[in-house]
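Undergrad: Per UniProt numbering, the sequence shown starts with residue 1, numbered consecutively.
Calculated from the structure, these hints are not laboratory results.
Source: prediction; values computed, not measured.
C-beta atoms are modelled at their ideal positions from N, C-alpha and C, and glycine is treated no differently.
Hints are not guaranteed to be accurate.
Calculated cross-link-like contacts (lysine-lysine; reagent style DSSO-like; alpha-carbon spacing at most 27 Å) [what the hints assert, rightly or not]:
| # | residue 1 | residue 2 |
| --- | --- | --- |
| 1 | K264 | K711 |
| 2 | K768 | K745 |
| 3 | K771 | K1052 |
| 4 | K769 | K754 |
| 5 | K402 | K413 |
| 6 | K557 | K711 |
| 7 | K308 | K244 |
| 8 | K244 | K711 |
| 9 | K264 | K413 |
| 10 | K264 | K244 |
| 11 | K953 | K970 |
| 12 | K264 | K405 |
| 13 | K575 | K557 |
| 14 | K970 | K1052 |
| 15 | K312 | K413 |
What follows is a set of in silico ranges between Cβ atoms, one per label pair, in the way DEER data are often shown [claimed, not checked]:
| # | residue 1 | residue 2 | range |
| --- | --- | --- | --- |
| 16 | D1139 | Y1026 | 15 to 25 Å |
| 17 | S981 | T1128 | 32 to 42 Å |
| 18 | T242 | L384 | 22 to 32 Å |
| 19 | Q761 | D811 | 15 to 25 Å |
| 20 | Q761 | M976 | 49 to 59 Å |
| 21 | S197 | Y468 | 53 to 63 Å |
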Amino acid sequence: MDLRSLFRLTRSRPLLRNIVYGSIVFLALYALVYTTAPRRALSIIPHYGHEEPFDESLSVWDRRAAEVRGAFIHAYGGYMRYAAPSDELKPVSNGRVNNFNGWGVTAFDSLDTMLLMGLKHEYNHALRVVRQADFRRSEPPFVPFFETIIRYLGGLLSAYALSKDEMLLRRAEEMVKQLDPVFNSTTGLPYYAVNPSTYVEFCAVRVSDIDRHSGVHKGSGVGVLAEIASLQVEYTYLAKLTGKYEHFNRSQAVMKALGSADLKLTSGMLPIRWNLTSGEASDYHLSVGAQADSAHEYLLKLYLLTGKTDKKSLEMYLQATTHILTDLLYLSPTRNLLYVTDTFTPTFDRPTSASHVFEHLSCFLPGLLALGAHTLPLDNLDALGIKVEDLGNEKSFGLGGKAYKMLKHYNLKDLHMWAAEGLAQTCWVTYADQPTGLGPDEIMMDLTMRTHAWGEEDSQSSAKQYTYLWMDAVERWRSSGGRGVIPGLADPKPVIYGEDGRPEAGGKVRDYAIRKPSYLLRPETIESLYLLWKVTGDEKWRLRGWDIFQAIERETKTRSGYASLQFVDRSPAPKEDSMPSYFMAETLKYLYLMFLEEDPISLDERPIKPLRPYLFSVSFPRLPVANFSMAALKTGQFIGALDCGTTSVRFIVFDQHADIIAQHQLEFPQYYPHPGWHEHDADEIQQHADKCVEVTMKTLESEGWSKDSVKVIGITNQRETTVAWSRKTGKPLCKAIVWTDSRTKNTVAHYEHKLQNEGIQVSPGVWKKGKDGVEALRSITGLPLSTYFSGIKLRWMIDNYPEVTKAHDSDDLLFGTVESWVAYNLLGGVEKGIHIGEVTNASRTLLLNMTTLKWEPSLLEFFGFRNSILPKLVSTSEVYGNVAYGPLKGVPIGGLVGDQQAALIGNKCLTEGEAKCTYGTGAFLLFNTGADIVKSNHGLLSTVAYQAGPNAKPVYALEGSIAVAGSAVKWLRDTMHIIDSAAEINTLAARERDSGGVYFVTAFSGLLAPYWDPGAAGLLIGISQYTNPAHIARATLEANAYQTRAVIESMKLDSGNDLKHLKVDGGMTNGDLAMSVLADIGGFDVVRPEMRESTALGAALCAGAAVKLFGWDLSQPPTLSQVNTKGTRVFTPDLEESDRQQRWQNWQKAVERSKGWEEGVDA
1 MDLRSLFRLT RSRPLLRNIV YGSIVFLALY ALVYTTAPRR ALSIIPHYGH EEPFDESLSV
61 WDRRAAEVRG AFIHAYGGYM RYAAPSDELK PVSNGRVNNF NGWGVTAFDS LDTMLLMGLK
121 HEYNHALRVV RQADFRRSEP PFVPFFETII RYLGGLLSAY ALSKDEMLLR RAEEMVKQLD
181 PVFNSTTGLP YYAVNPSTYV EFCAVRVSDI DRHSGVHKGS GVGVLAEIAS LQVEYTYLAK
241 LTGKYEHFNR SQAVMKALGS ADLKLTSGML PIRWNLTSGE ASDYHLSVGA QADSAHEYLL
301 KLYLLTGKTD KKSLEMYLQA TTHILTDLLY LSPTRNLLYV TDTFTPTFDR PTSASHVFEH
361 LSCFLPGLLA LGAHTLPLDN LDALGIKVED LGNEKSFGLG GKAYKMLKHY NLKDLHMWAA
421 EGLAQTCWVT YADQPTGLGP DEIMMDLTMR THAWGEEDSQ SSAKQYTYLW MDAVERWRSS
481 GGRGVIPGLA DPKPVIYGED GRPEAGGKVR DYAIRKPSYL LRPETIESLY LLWKVTGDEK
541 WRLRGWDIFQ AIERETKTRS GYASLQFVDR SPAPKEDSMP SYFMAETLKY LYLMFLEEDP
601 ISLDERPIKP LRPYLFSVSF PRLPVANFSM AALKTGQFIG ALDCGTTSVR FIVFDQHADI
661 IAQHQLEFPQ YYPHPGWHEH DADEIQQHAD KCVEVTMKTL ESEGWSKDSV KVIGITNQRE
721 TTVAWSRKTG KPLCKAIVWT DSRTKNTVAH YEHKLQNEGI QVSPGVWKKG KDGVEALRSI
781 TGLPLSTYFS GIKLRWMIDN YPEVTKAHDS DDLLFGTVES WVAYNLLGGV EKGIHIGEVT
841 NASRTLLLNM TTLKWEPSLL EFFGFRNSIL PKLVSTSEVY GNVAYGPLKG VPIGGLVGDQ
901 QAALIGNKCL TEGEAKCTYG TGAFLLFNTG ADIVKSNHGL LSTVAYQAGP NAKPVYALEG
961 SIAVAGSAVK WLRDTMHIID SAAEINTLAA RERDSGGVYF VTAFSGLLAP YWDPGAAGLL
1021 IGISQYTNPA HIARATLEAN AYQTRAVIES MKLDSGNDLK HLKVDGGMTN GDLAMSVLAD
1081 IGGFDVVRPE MRESTALGAA LCAGAAVKLF GWDLSQPPTL SQVNTKGTRV FTPDLEESDR
1141 QQRWQNWQKA VERSKGWEEG VDA
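Put together the whole structure using the sequences plus the hints.
TA: Dropping the structure here:
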């Protein structure tokens, strides 16, 4: 129909005439408005937020920046009107959604964009959202750590960098405090999420692994790379701002785990999945896309943020980019599009197979490579002390190591920029190819040139050209003399497909099929275009950014914001009801900065205008380069000691003088299921040990010391406590039987009977029984049959616990004392299977031949044990291996020693004739007898004191035990109520010069060495009307001194050595009067150091000597002369010898009267 016919028709049809004339008038008015009004005023879609006058004097690019600013005002205005303070706006329905904690993620994430754009109205609104957010509660109930860090913490810190508003920094600290339990893994790698109300952490790989309503965790202990390694920039910058090392430590824990992982099967590049317990990679999936992208990016950003001092992060960045350039970059068959993809198989001994999927998320990579080329001396790495060949080779990475040899032929700066430009062009062309002008979320590259559309079968078509590695093409280009365009850098022309999904007439194929057709308002491509524009100055990148912004305006705008698209290959595109926070936080920000003529952000390390230099990140807004480096943490030379006692575990870090640098102690549960029974859960001991290490190392770093300051650790333990666990599972088979447990009386009676009637085969065909058998046992082991020792406890376990019986019979049983169990776990558990036992602990089992320091076959036969259940015997001081996990990962374990022997070493009683006594609930006195095994005729035990190395001769000791020491003071306090605190006994006793003739035999459960009378009873004798509480308090202190003297007198008789001084430690030694009384009654000097953690110190000395730290050598006591000398006090006898002897005789009489009191107990 021509125009004349149309007008004739309107005369006959009035309604149609009105429509046509009305349309003409509308078009005329619209044309008039379009030619006279500012462009922003033309939109028929309402603009929410405030309107601002349009500045006609702006340049073309500043006008375009202003249009982006207007887009932000429109989007945030819709959020303010319909969604705040919820997380995100639903821009199609004008609804709201809480998908990231319900704290208002859009407001937090966009703070720095508002500041850069000068949007005071919107910024003030966002600050109100920030102030009212309750970080103790979340919706859903779990807080996903990764998203919270990059959106919330990143937003707060970026805004603080621009505004210096202390409220933002305060809120950042409050938030990370609620998130902190997410780091409760043994490696310090963060779990997936945390419930901020309950502080329960969740480890999961996907959001679906956690119930969104209950917060119940359904996942495994595996983390994905991006989620565990995208916090270092934020936490390091937060540490810089606050001066708190705990934030820096969180970053460094991640870097330490990643940096120490074994990556030989992935060519030094970090794969996607990681075991949060071991800190090792758990797959070979290499990618720069989803689940990996930001982790690779943070390596470069951390190096720049720390003022280019964190060399390890730079080396890891170079290793990652080397593998990316040589093994993950491909060229498409016909258009020669350069793209990055992922692989799934090990790289060491065979070429990997690529997926050829290219993700929109990967489009951050060209920007990262450009930034690296701009900020790093890639053409002169020697200036940084880095040699490419040292980063990797065929020996370290196998086939993957060939890449490093290949790159020696190139200027790395040029190579990185070529890759950056080629990749950026592909990212852009995936936008330009679409009818919407917007790029799909994923594409699949054709592996060959085909004449048919993707997915369509064509048996007649044949492959003519294959996709190939980019570096193969570059190598051919280099070999040809570098003629022509560098592969992948030719500007591709858009290829438009028709509605049938085929190229338009005469057009080329695209080389790819759309795999995920959605457009999610993502920033990656735009950020890379911005960075390419800043680095190269080439206007084409800016123009392409403008094309993309126009497409965003045209295709995604709604009445209240901007919406993601379901399909990019049709226009107009159907919309998704979603506007992610990053659209305003990043997408619009990068567009705005790209179009400004005077960009406030500089890629160079020099101030521009009022702003400091800034770094860039795909998912993390800019932060200033910090004057904060690894060197800010001091590096010392310290030794750690893990003291696993009967009721608690502590971890102490010592310096070379035995000053305590950091420590933490935790009590663990005690189990008393029946009278006389005392049990521990071995898993709980290990868990408490791990926690003590973790907290102590945090304390160490909060004091300004690097974790690397701890050079070696030692372990000391409650002796005789018996642990049985499975060789297959590494788990305990039953509760541990504690050294104090007396359930094994019948077992002892059985073997006493066996010893009397059958005896021990001391050599082939030679048996000794009866008294000779008892003497033979003591001759071999230094010990009598007793409920006290580990072999008896193990026999009871096998006889009474079916699971232990079965494990023993099937050779699945592993036996050890506590040091053996803890070392087994720290050294790698069931995976490494390092089952060792130390000689001082072994000497308390009834199974060790003290002369040979080997397990005694005749005793294994006597008790009925398999040899395979026993640990490999090791010395007291040697390197057994390195810690396999946690903050001490990689630190050698160099000392294992039983607690009383540890105290002997800690008191430096390393010369024959020296003795120590540890006063706790009871008291344990060890007397160094040198290279000789002294067999006591006075009821003392012979034991191994220590073995200073695997080839060193053992040193022996005599040991005597006092059943009641500190427990007598506790009786006065808790039962008799004579004192209110343990320390008060010294004050009370000081009121009298002596005990007023009162003697207190503290035989609450019989008498041990040297009296050995289980039937003895407690006795207070010499009481008169004159007696008062002070006399009884003093008699209690004297009882401790008398029993100590009794043991020492026996030791002197057995060894033939006199004792000039006694070194002491333990809780009772805190009282000066108690020590003066001990010196007076003993007639010897009492030496008390200021630092009395002698047990832990002994383990530390063993460990330090194993690695020759500070020149320590247990066989050369002078090398320890500077250890623990500060504040040492010597108490000397001040009592007349005659008076001392009279009191000693009175004590002996009192002991005789207490003996044999309990009927039926054979002394």
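Undergrad: Of the hints stated earlier, which fail here?
TA: 6, 10, 11, 14 and 17
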